[in-house]
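*Asks:* Take a look at the letters that make up each chain.
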Amino acid sequence: MKVSLFITCLGDVFYPGVGKDVVEILERQGCEVEFPDAQTCCGQPAYNSGYHKEAKKAAKHMIKTFDSAEYVVAPSGSCAAMFREYEHLLEDDPAWKERARELREKTYEFTQFLVRVLKVESTGAVLHANATYHSSCHMSRLLRETEAPFRLLSNVEGLTLHELPNKNDCCGFGGTFAVKMGAISEQMVEEKVEHVEETGAEILIGADSGCLMNIGGRLQRGGKPVKIMHIAQVLNSRE
Amino acid sequence: MPMKIGERSFDNRVKQGIDNTFMRDAVSSAQARFQSNKAKAEEQLGHWEEWRELSEEIRAHTLENLDFYLEQLSENVTKNGGHVFFASTGEEANDYVKKIAQEKKAKKVIKAKSMVTEEISMNEAFESVGCEVIESDLGEYILQLDDHDPPSHIVTPALHKNKEQIRETFANLKGYEKTSKPEELAQFAREQLREEFLTADIGVTGCNFAVAESGSVALVTNEGNARLSTTIPKTHIAVMGMERIVPTWEELEVLVTMLCRSAVGQKLTSYVTGLSGPREEGDLDGPEEFHLVIVDNGRSNILGTAFQSALHCIRCAACINVCPVYRHVGGHSYGSIYPGPIGAVLTPLLEGYDDHKDLPYASSLCAACTDACPVKIPLHELLIEHRKVITEQEKMTTLSERFAMKGFGMLASSPALFHMAEQAAPAMMSPFTKNGKIESGPGPLKDWTNVRDFPVPEKESFRKWFQNRGKEES
Amino acid sequence: MAKGTVQNQDAFLQNIADKLGRERRSEGVKRPQYKHSPQHDILRGATIKEMVEVLKEQCLAIHTDVKESSKADLENVLEEVMKEYGADKAVAWDDPRFTEYGLESFLQRPNMTIWGSGPDEDNIRITEQAEAGITFADYTLAESGTVVLMNGGGRGQSVSLLPTYYIAIIPYSTIVPRITQAAGEIHRRVEKGERIPSCINFISGPSNSADIEMNLVVGVHGPVRACYILVDDM
Chain A
1 MKVSLFITCL GDVFYPGVGK DVVEILERQG CEVEFPDAQT CCGQPAYNSG YHKEAKKAAK
61 HMIKTFDSAE YVVAPSGSCA AMFREYEHLL EDDPAWKERA RELREKTYEF TQFLVRVLKV
121 ESTGAVLHAN ATYHSSCHMS RLLRETEAPF RLLSNVEGLT LHELPNKNDC CGFGGTFAVK
181 MGAISEQMVE EKVEHVEETG AEILIGADSG CLMNIGGRLQ RGGKPVKIMH IAQVLNSRE
Chain B
1 MPMKIGERSF DNRVKQGIDN TFMRDAVSSA QARFQSNKAK AEEQLGHWEE WRELSEEIRA
61 HTLENLDFYL EQLSENVTKN GGHVFFASTG EEANDYVKKI AQEKKAKKVI KAKSMVTEEI
121 SMNEAFESVG CEVIESDLGE YILQLDDHDP PSHIVTPALH KNKEQIRETF ANLKGYEKTS
181 KPEELAQFAR EQLREEFLTA DIGVTGCNFA VAESGSVALV TNEGNARLST TIPKTHIAVM
241 GMERIVPTWE ELEVLVTMLC RSAVGQKLTS YVTGLSGPRE EGDLDGPEEF HLVIVDNGRS
301 NILGTAFQSA LHCIRCAACI NVCPVYRHVG GHSYGSIYPG PIGAVLTPLL EGYDDHKDLP
361 YASSLCAACT DACPVKIPLH ELLIEHRKVI TEQEKMTTLS ERFAMKGFGM LASSPALFHM
421 AEQAAPAMMS PFTKNGKIES GPGPLKDWTN VRDFPVPEKE SFRKWFQNRG KEES
Chain C
1 MAKGTVQNQD AFLQNIADKL GRERRSEGVK RPQYKHSPQH DILRGATIKE MVEVLKEQCL
61 AIHTDVKESS KADLENVLEE VMKEYGADKA VAWDDPRFTE YGLESFLQRP NMTIWGSGPD
121 EDNIRITEQA EAGITFADYT LAESGTVVLM NGGGRGQSVS LLPTYYIAII PYSTIVPRIT
181 QAAGEIHRRV EKGERIPSCI NFISGPSNSA DIEMNLVVGV HGPVRACYIL VDDM
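Chains as they are written, first to last, in UniProt numbering: chain A, 1 to 239; chain B, 1 to 474; chain C, 1 to 234.
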């Protein structure tokens, strides 16, 4: 099975290790992983800010880039959800809308792809730790994927998963929201950090680098001894 | 009270909200209770998604045929002996009710909670012709006594107040002598208001739903004040936003089911009252005269636009009750009597962007509101739609943002430029990097690092790694 | 009843049609065949006994007292409730069902007023001073613990509203699964061209409020306590 990896901006620049784990896991499952080099950004920063002309440019470029892909897999619920938004964005242009539909149908978030397409329940990972999991909003509410991460994590040997209180609450990232509405975002991420601490976990796992960057940055600022890990890193652990 | 509340800037209001720890505790625990009540009610009902789809379908059909159903409603209200006034603006509505008050030589108006009358400042209109206006909903009564403090929630308007503050208000203004126990406070309000009900000349209510087929107005309440306002005074004036209508009683019961469960988690509220015109021959209570005021006040401008579904709203506040932004900043931060996600969508539509252009940005787009809405209004998408209008039509964003976004568009559609920017990132960020983190970033990053650390770009991007890996293998 | 007046209708509705981008619609609109109808599935096929159980359970949630009685014993049960509430002055609907259920002598007890029996203006004052208001239910909704009252004439809407306590007599035969059935019946009456009562109440227990710090207070402007007396009339 051929998988085209959409690495996402944050994954490319800040968390390249996550991408490596994704590649290794997928290859171990027998996938042939390719990386379309022309890929840029899904366009969400522009789309969410109301700059839809610019977002359309990004969308069309990404549609072209992944045109020949069999499956598109992204280690981010939010960026994968943005691919699915293209149809709506390109509504006025039937030809592009159709291509956007094709892209939507073959796009998956990483854990979703493992569980729904590859029918994988365990990646054979081992990680001896107490952890908690942050369900990102776009993954659960826009992609409607609420199970896949938990199914995979439940089969990680040695991992004890503590439920995060108010787990459905947003962490306050929201892309440009985090800087545009800094005061409000601060309250939200602080509340999230408090909840993470309540669990007593030493690791906070997430499937979206944006949320992890936000919560992790706040944890670090407060000198909290909680480490952040992308779920791909956990699923590729061997310790 | 007009729709817009206060003159302070959005940032100031937010700051004041965040600093108000009592309010935030109250809102936070109220949200938790609202959420768990609603979740329980959804579960008990079963097939919640089917109910939502049915409700959405009802609302969409009604709005698509609004002129038809309003005409039917009007015809049936008059058949029942009631009077109908179509008001294009709040001013027209207020002039009409003032005329009624003057004709009746009314001295006292008793009101049940109604958001649309708040929106158009109807109380002030009555007061301008010498009427005393008394709010009878417990929450509204408290706010009215407390120097017209604005509501902060559309279902429980005094959510931001604690019982001690309420006791003080009652003691200072009404000679209340008991404790701050909610039961005693409510009992006091009951005693104070009973006599007012018995002596009021006009009762004013809102309208949760009008029923076109029978010319009825349905009121969904718990306290009994709306029933008192429509049982004793000789004149009843119901004021409705023009979109608050259903075709028949069959649709009414579906939406009432959804409203009660979504708003307060009740199967039905204590009172659901269907009123069809004034009292009939032989009746000894109920109003002798009934007026229905149907208010547009900017709503029709929403029809036929991308925002039409905002008019599907049944004012249950479910979106408000799940919103994390609302939880931290409180209702007053929105600067409108309509707070929370629906307020952020509706307020700029009804009042324009000039005073409210920050509202659509006061959301992380987490979509909790969209998920909570019983009539499936895509609230977070409508917030994005607002941002689009602000950006592309109103051109109200800053030059630097427009410039940055233009640049983004270029980068995102040009792989070569994009890769260059990616490659430049580590070098660009290195002056700000200390101990493997960025605690104080430049430009817009500063807003990020004010609150939390920013990660350092890795020396080798994933892209580079993947390319090199390919080379090694071959 | 003389027909009421309408003002500003045409311009208002024309504007709506314009905004919707089409001609004005005055006729020919049919309600759609809705994709789902989950409301009809609740308690579908439930027996009266099953619905009574659902109703009783729901009454716990809505802070409503429940008594059960046979037709023959109804007067005693009513007296018992009055005693329990410490109620003396009472107002009842002028409703032939009181006689059908053998309550003539109950209606003649001291301090009992029948709605509409005195001068017009006094009715509200008397009812407001009464401790108990007593009515029959016209429909009873099992799911929500609701009595539906079709007011009018001798059946004053004040009776279930102004006294401190409200007592509803619920014949089993009035019980339906939920609001769907009652609303459906009202809809059918409207379709047949019947005039429905100018005030229809759906009452689920005593009045209440959570406006003060989200604390539930039972008993605000309406009755502070409510009792349903279920009567097996089948």
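Please keep in mind that the hints were generated in silico from the structure rather than gathered at the bench. Since this is a predicted model, take the numbers as computed values, not measurements. C-beta: ideal position from N, C-alpha, C; glycine also. Be aware that one or more of the hints could be misleading.
EDC-like cross-link-like pairs, simulated, lysine to aspartate or glutamate; straight-line CA separation at most 16 Å [as the list claims (entries may be wrong)]: (1) K180/A / E351/B; (2) K99/B / E124/B; (3) K20/A / E460/B; (4) K3/C / D447/B.
Covered stretches of chain A, going by a simulated chain B footprint (3 or more residues, C-beta under 8 Å) [unchecked claim]: (5) 177 to 185; (6) 217 to 227.
*Asks:* Work down the list of hints and note, for each, if the structure agrees.
*Replies:* Checked hints:
| no. | hint | in the structure |
| --- | --- | --- |
| 1 | K180/A / E351/B | 23 Å, violated |
| 2 | K99/B / E124/B | 14 Å, holds |
| 3 | K20/A / E460/B | 12 Å, holds |
| 4 | K3/C / D447/B | 64 Å, violated |
| 5 | 177 to 185 | holds (count 9) |
| 6 | 217 to 227 | holds (count 4) |
The structure does not agree with the numbered hints 1 and 4 stated previously, though it agrees with the rest.
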